[in-house]
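Participant: As given, the protein sequences belong to chains A and C, one line each in that order. Residue 27 in my numbering sits at position 27 of the first sequence, and the numbers go up by one each step. Residue 92 in my numbering sits at position 92 of the second sequence, and the numbers go up by one each step.
Rather than coming from a laboratory, the hints here were simulated on the basis of the structure. Just so it is clear, the structure is predicted and the values come from calculations on it, not from any experiment. Note that the Cβ used here is the ideal one computed from N, Cα and C, for glycine as well. Check the hints yourself; a few may be wrong.
As the list claims (entries may be wrong) - Lysine to aspartate or glutamate pairs mimicking EDC-like chemistry, simulated, CA-CA at most 20 Å apart:
(1) Lys-3(A) - Glu-82(C)
(2) Lys-57(C) - Glu-100(C)
(3) Lys-70(A) - Asp-29(A)
(4) Lys-57(C) - Asp-29(A)
(5) Lys-38(A) - Asp-85(C)
(6) Lys-38(A) - Glu-59(A)
Stated by the list, open to error - Reference listing, derived: stretches of chain A covered by chain C, where coverage requires no fewer than 3 residues with Cβ under 8 Å from a Cβ of chain C:
(7) 33-47
(8) 99-105
As the list claims (entries may be wrong) - Reference excerpt, derived from the structure (chain A facing chain C, CB under 8 Å, subset only):
(9) Phe-91
(10) Gly-109
(11) Thr-113
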Amino acid sequence: AQKVTQAQTEISVVEKEDVTLDCVYETRDTTYYLFWYKQPPSGELVFLIRRNSFDEQNEISGRYSWNFQKSTSSFNFTITASQVVDSAVYFCALTGGGTSYGKLTFGQGTILTVHP
Amino acid sequence: KAGVTQTPRYLIKTRGQQVTLSCSPISGHRSVSWYQQTPGQGLQFLFEYFSETQRNKGNFPGRFSGRQFSNSRSEMNVSTLELGDSALYLCASTSYRSYEQYFGPGTRLTVT
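All chains should be built: construct the whole structure from the sequences, respecting the hints.
Facilitator: Encoded structure:
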């Protein structure tokens with residue numbers, strides 16, 4: 001069975017602070033895919049990134065960066081110089097390859113509040 | 001390219017009734033997945049359809065069912081509604097090339 005753990009239930013920061021959201025996963029699959037989604041108050045899940053299990057290269061996209069470490073089964077997400085618009089619930093998710101790619105296992109989510 | 005659309009956006013039903021939710025995937029996506037989101041249980045996978053066949057199934061009772069049409073549009077049905085079925089139901093479509101799953105705005109179901 002697959003499992004995703006986001007230990008931080010809520011994080012509160014002041015604008016311009018850097019913040020890291022933690023994600024730890026469990027899977028027996030050798031090929032798997034990790035995701036981060038953002039859910040603003042409107043409710044729609046917004047896709048942020050996908051990472052393959054065979055690609056441990058870190059990625060940066062603007063103020064967002066992701067650190068994938070297979071040795072610790074972690075896929076952490078950092079927002080640099082946070083902004084009020086970053087306030088949302090962030091979910092980490094996992095799926096296997098093959099015919100199971102349509103089934104995502106989500107973590108419980110981290111509520112991020114950025115204060116002005 | 002149009003995103004995933006879901007109808008209706010809001011629904012109020014009475015316990016014991018049944019409900020049907022609809023989802024239209026991104027053009028070209030043949031995989032459609034359904035999820036239930038509640039404050040207590042979080043985001044839980046219901047089922048996935050691919051080429052009109054249920055390919056993956058979550059751990060939900062048989063009252064929850066779905067189907068997919070030849071144009072990849074999907075419907076989800078919940079029969080004999082219970083108060084605990086009140087939730088945000090999210091539909092997503094997946095690109096088989098990238099495995100990236102994109103979500104619709106959701107249908108918020110309230111059971112009274």
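Participant: Checked against the structure, which of the hints given earlier come out wrong?
Facilitator: Violated hints (numbers, rising): 1, 5 and 11; every other hint is consistent with the structure.
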